[in-house]
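A.B. asks: Listed here are the chains, written in short residue letters.
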Amino acid sequence: MGKEIIAMLLAGGQGTRLGLLTDEIAKPAVLFGGKYRIIDFTLSNCANSGVTTVGVLTQYRPLALNSYIGIGSSWDLDTSMDKVGEGVTILPPYIKKEGGFWYTGTANSIYQNIEYIDGHDPEYVLVLSGDHIYKMNYQGLLDHHKQSGAEATISVIRVPWEETNRFGIMNTDEDGRVVEFDEKPEKAKNNQASMGIYVFNWKTLREELIKDEEDENSSHDFGKNIIPKMIEKDKKVMAYNFKGYWKDVGTVDSYWEANMDLLAKDFIFDLFDRKWVFRSENYKVPPKFIGPEASISSALISDGCKILGHVEESVIFPKVVIKKGASILQSVIMPNVVIEENVRIDKAIIGEGSIIEKGVTISRSEDPENKIQVIPHRSFVKKVVNTDGSEGYECIRREEE
Amino acid sequence: MKNVMGIYDDCYRPPGLGDLIKQRSPGAVPFGSKYRMVDLVLSSMSFSGIKNVGIFTGEYSGSIINHVKAGKEWGLLRSKDGLFMLTSPYRENLDYLDRSSEEYVLYSRSHIVYFTDYTPIKHFLHEKEADIVLAYTHHFEPPLENGLYFTMDEGKATSLSMKKESEQSLRSMEMLMMKKEIFRELLEESGILGENPLEVLVKKQEKYKIVPYLYKGYVAYVDSIAAYYEENMSLLEERLWEDLFKGPGSIITIRNDEAPTKYLSPSNVRNTLVTEGCILKGEIENSMLFRGVKVKSGSKIRNSIIMQKAEIGRNVVLEYCILDKDVKVESGAKVIGTPEEPIFIGKKVVVEAE
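From first to last, the protein sequence lines stand for chains A and B. According to our numbering, the first sequence is numbered sequentially starting from 1. According to our numbering, the second sequence is numbered sequentially starting from 1.
Next up, chain B with everything else stripped away, as it sits in the complex (with noise of 0.2 Å):
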């Protein structure tokens, strides 16, 4: 697909999402045992050929441009085009969009995470000429505090509001494909008011001819913590491991070089998606483990969400609990939420025992 950049949008901090955020944008939220949230949509762009790529870049920047830095794994380590990282406010970009060459944008925001081919997206473009293409989804649940919602009338998305206004209304993905100029349009507008791209859109909607695209792939919404642990239990499926993992193209992260996680004796680890780096005895069951976790032994793991390099020590029980970075979890702990309310526990937290 050529003639597309990608604009990717990090500025936007769900309420919802309370201490996953507290050090980091949402686009460097770790995500699915390996990736960051930002990979998804960055592997995604760079599947769809697209080369040249600008981050806008909100609050706690620095995790999002350490994740991410040149873009090398991406393909955007380019002498011409590349990976731009916007860090000030939308309307101050737009000699970014004039100096690039393509003629279309897609825009997509860091909270709503996909894996997609675009190619389709932008021959809808052509076929329905359509000054904006709007991807939307079925997907309903867990409904998103705000998000960009239409109405369906005769083909058009018409009565766009950024919450739901009737039962009628439909959740799009806020990933829009669009004229360069019309892009340009949103976000002079958006200087002026303070607003980002879609609160203009909403403002501008009857300027434009915007078309809904039913987008039928993988699709999550992480707009708070609930939401955040539902959307990650549910990579734990074999079928959507294989849809998401195993089809044409890879997710793309950067390397960490890790060594092969070693399993101990006695472990017993089941129905658990783990990645590299991580020494593990004990007892693992429907959890996620990131990279570097080290499990002691005794120690039993349920329904839980580890991030990097936790420190688990020896007859632990953790059920139903998402450990932030470098969570150090001491012998004999015990932290049990529900599946409801799963507890979170914060980066470098030391858990003692009772």
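In isolation and in its complexed conformation, chain A is listed as follows (with noise of 0.2 Å):
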């Protein structure tokens, strides 16, 4: 007897939009909201939904995320103790009989991974990506699924109308069933756009993914082949609304957003829910100390920080300093950052481990093409006065200590 549900995470993209933020690392390890990496969303929802095994697919610089999920025990998802068949597996590509390929799309990862949830013999699997912030409960999905008696349910969200060409729109018929998948249209039909989430029956899915494999002309892509073949050979594809709060933080602008949405007061993504804890790595850090003439208003701040300075309408990750009269507006601080006296940062990105230089300022507003500013890690940021007298900033990359 297999399980009901496994879980396959793709976790490989480059997240190349995300520039300086993925120069060392895949897209889903990437740090936000003050403590989290963005895959702590998706494994957090994981084990908080009851789905327990779940195999993450990695391949762009997997370094840094394999040692960060381990063996899952940041979730509750360990692959020890005496959980047989359950927890996180880490899936990179890997060398077979006949050779050994890179993941040539997301269908094709799975594809490779066959024997993988085989082995876990799955009525249905969930695929998932690891690089969305939201809360969803798969049960909901899962079992709306179970009811339609479809082949494959996928999540859908409405979208603005002025986004939807950047979206995978569905559209549907008066059941919810799915007629069209319309992937990043210039004249949308409606606002229903893909999520990413999707369950199918593994038996389906299956044969699905091995004649998609002999087709030489597919992209082995979940949205563009799987699944409008899917819809062209009339299987039951249905669309589930989810309805809550789901970004993709694909780009910088979207990344800084969707950190600046914590900051509102009656968020309705509540990471504070007891009931629905999103867990992430451990920093082993101490309380932080507010100095006598700190000001804070409107700031997500974590554990490990001596905050001297202004904060304001920021997000602040672990062991960051901050000093004297130095004033942070709009901007998301990475771990280990020192912020000198009279630093000015305003609608700004600093990566980890960088140091800013006494009285410098990183402001969008003094960028020509006004771009939220993004500092690459280990930077070492000093000013310096342009020939025409303004002042600037530079760059140098700090040698690794």
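Do not rely on the hints blindly, as some may be mistaken.
[Stated by the list, open to error] Simulated pairs of lysine to aspartate or glutamate, DMTMM-like, Cα-Cα distance not exceeding 25 Å:
1) B:LYS216 - B:GLU129
2) A:LYS275 - B:ASP257
3) A:LYS323 - A:GLU341
4) A:LYS284 - B:GLU231
5) A:LYS135 - A:GLU341
6) B:LYS296 - A:GLU313
7) A:LYS247 - B:ASP257
8) A:LYS135 - A:GLU163
9) B:LYS296 - A:GLU312
10) B:LYS294 - A:GLU293
11) A:LYS323 - B:GLU103
12) B:LYS72 - A:ASP78
13) B:LYS296 - A:GLU163
14) A:LYS265 - B:GLU311
15) A:LYS224 - A:ASP173
16) B:LYS347 - B:GLU330
17) A:LYS324 - B:GLU237
18) A:LYS187 - A:ASP253
19) A:LYS265 - A:ASP346
20) B:LYS72 - B:GLU103
The set of hints was computed from the structure by calculation and includes no laboratory data. Model, not experiment: these values are computed from the prediction.
Fit the two chains together into the complex; they arrive one by one in their own frames, and the hints show the way.
C.D. replies: Below, the structure is given as structure tokens:
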């Protein structure tokens, strides 16, 4: 007797649009929300939904992600102990008898791990992506899938009409059955976007993956190939309406916005819900020290920080030092950053382990292109005076200690 | 540091701790914004490389057992050695000592907390060819009601006593390092006389060469509610925070998976130690907040210690207060103590507005 459901989490994305933030690590391992990594939200959703077997498909710069996930104990998804067949398993591309291949697409990555899934003999397979911020009980999706008798169910969310050209849009009939999968349409017929969360009957998906692999014209992608093929063949593909917060943090702007979203007073996405805890790495750091002259308003601040300056509408990760006279506005400061006296940071993302020298100003409003400023990990930022006399800053990569 | 096992004695219940230990052992008392008292000493043991720790549990042992669990965070969840909860009287644990392969014992008591590496103490023991090394400090205030005092006599500790005998008496930290056989003798005797190992040592002191070791690191003597208040408040100094928390090694506690603390607008938090999971509005100054504390708008909290998950309503005024876990302060309530006598509000109490 196999398991009812196992999850396959696609964590191979390069996240090139996140630029410098994914310089050294895979996108799901990017830090988010003051103490988390992007993948924590999906892994916590799995554990909280009772989906206890999770295969994590990695590919691009997997080292940090692999060591971060470890044996999964941070999310109570340990592979150790006496829970046979449960927990997180990392599935990088591997060498088989017939040779080894990189994962060529989302569907191909699952195809290459058919053996792993067969080993669990599940009824259903939940396909997830490791780069979204959301809170979802997958049990609701599975129930809907079972009740409708579908072979595949796709979780969808209403997106603003002006953004429909960024998503895979699902056109459905009155019963919620998907009749057309419209990938990034110029003129969308509706605004139900695929969230990249699918549940399949494993038997069906297994067949489809094998057929898709044989198709030389396929790009082996769920959205582009597998789902449209199933619809074409008149297999029952249903849409499941998700209501709640869901954000694809694929670009610097959306990453920054999603961090700022967390600061809203009565934000629907509640990090403080004791019934749905988002677990993360356990930072062994002291409580934070808020100095006598500090001023903080509307901020999310982790432990291990020393705050002596001004922090407003910002997200601060563990072990950050903000010295006297420094002012941080609408910014994200990653772990182990030191911000010296009288620094001004406005609408910026400061990478892990950076040092910002006295008096530097890093501000979107001073950027000619008006972009969110991103300081790469382990930078040393110092003040420079331009030839026209105006002041700017310069980033120097710090040597590894 | 090899060949040393740790013994943490959580049996003694200082009467001055009153309601702070009403339903918990001294080792389980919340301390320093995110810790329990036991965390500091257990982290010292772990930091020093001790792999075998026995905890003598006393009344309300559930509180410390639930906190420490199998000792995983301190690297004590091991197939060999690890953490042992010694729930029976002292003498009934001789087997545990005999079974342990270490030759030395580091003994410490739960109402005195510190964070250190014991390696120099072990070197000191060898250098002085001592039977027992007894750590002490020049930290006299506030005086303990009971404590192990001694007189310095040509580099040796003499006239050991469980209370201060003369002006020349020095306060020990009740932290000792000794050969395991010696500790075994103390335990064996304790069974017959019903006394703790220190009281036995006082009786048998002539038998051993006891050498005092001047400890210069951080230490807090927590034997009364006033001392508890003062020791926690002293952590609000930036220098001490740096020394204690930012030095080599770190104080470890169990994970709690709280969100980062959220500061709403308007809020004004100054000179305060805060940990995670809090949602804060209002004015908070010279205070210490444990995890999951909620403070609503218009409230003013000064010089207070607020333990886990307290909920403070609107327009509340708290000054010189210690709120135990899960306290609820209703909107408009006002509680004002003094530096000498902070007001203690017990676990789960609801404070109503007048």
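A.B. asks: Take the hints in turn and mark each one as holding or not.
C.D. replies: How the hints compare with the structure:
Using a Cα cut-off of 25 Å, the hinted pair LYS216 of chain B and GLU129 of chain B holds, with the two alpha carbons roughly 22 Å apart. Of the pairs offered as hints, the one joining LYS275 of chain A and ASP257 of chain B holds, with about 12 Å between alpha carbons and a cut-off of 25 Å not exceeded. With a C-alpha separation of about 5 Å, the suggested pairing of LYS323 of chain A with GLU341 of chain A holds against the 25 Å cut-off. At most 25 Å may separate the alpha-carbon atoms for a hinted pair to count; LYS284 of chain A and GLU231 of chain B meet this at roughly 22 Å.
Note on LYS135 of chain A and GLU341 of chain A: the hinted pairing is violated, with a Cα-Cα distance of about 38 Å set against a maximum of 25 Å. With a C-alpha separation of about 18 Å, the suggested pair LYS296 of chain B and GLU313 of chain A falls inside the 25 Å cut-off, and the hint holds. A threshold of 25 Å between alpha carbons decides the hint, and for LYS247 of chain A with ASP257 of chain B the separation of about 22 Å falls inside it, so the pair holds. For the suggested pair LYS135 of chain A and GLU163 of chain A, the alpha carbons sit about 21 Å apart, so the restraint of at most 25 Å is met.
At roughly 19 Å between alpha-carbon atoms, LYS296 of chain B and GLU312 of chain A fall within 25 Å of each other, so this suggested pair holds. Between LYS294 of chain B and GLU293 of chain A the CA atoms are separated by roughly 22 Å; this keeps the pair inside 25 Å, and the hint holds. A distance of roughly 48 Å separates the Cα atoms of LYS323 of chain A and GLU103 of chain B; the hinted pair therefore is violated under the 25 Å criterion. Proximity of LYS72 of chain B to ASP78 of chain A is assessed by CA-CA distance (about 14 Å); at most 25 Å being required, the pair is judged to hold.
With a C-alpha separation of about 38 Å, the suggested pair LYS296 of chain B and GLU163 of chain A falls outside the 25 Å cut-off, and the hint is violated. Between the alpha carbons of LYS265 of chain A and GLU311 of chain B the distance comes to roughly 17 Å, so the proposed pair stays at or under 25 Å and holds. With a C-alpha separation of about 20 Å, the suggested pair LYS224 of chain A and ASP173 of chain A falls inside the 25 Å cut-off, and the hint holds. Restraint check: the Cα-Cα separation between LYS347 of chain B and GLU330 of chain B comes to about 15 Å, which is no more than 25 Å; the hinted pair holds.
A C-alpha spacing of about 16 Å is found between LYS324 of chain A and GLU237 of chain B, which places the hinted pair at or below 25 Å, so the restraint holds. Taken as a hint, the LYS187 of chain A and ASP253 of chain A pair is honoured in the structure, with Cα atoms around 24 Å apart against an allowance of 25 Å. Distance hint between LYS265 of chain A and ASP346 of chain A is fulfilled; the C-alpha atoms sit about 21 Å from each other, no more than 25 Å. Only pairs whose Cα atoms come within 25 Å are accepted, and LYS72 of chain B paired with GLU103 of chain B is accepted, the gap being roughly 24 Å.
Hints 5, 11 and 13 from the list above are not met by this structure, while the remaining hints are.
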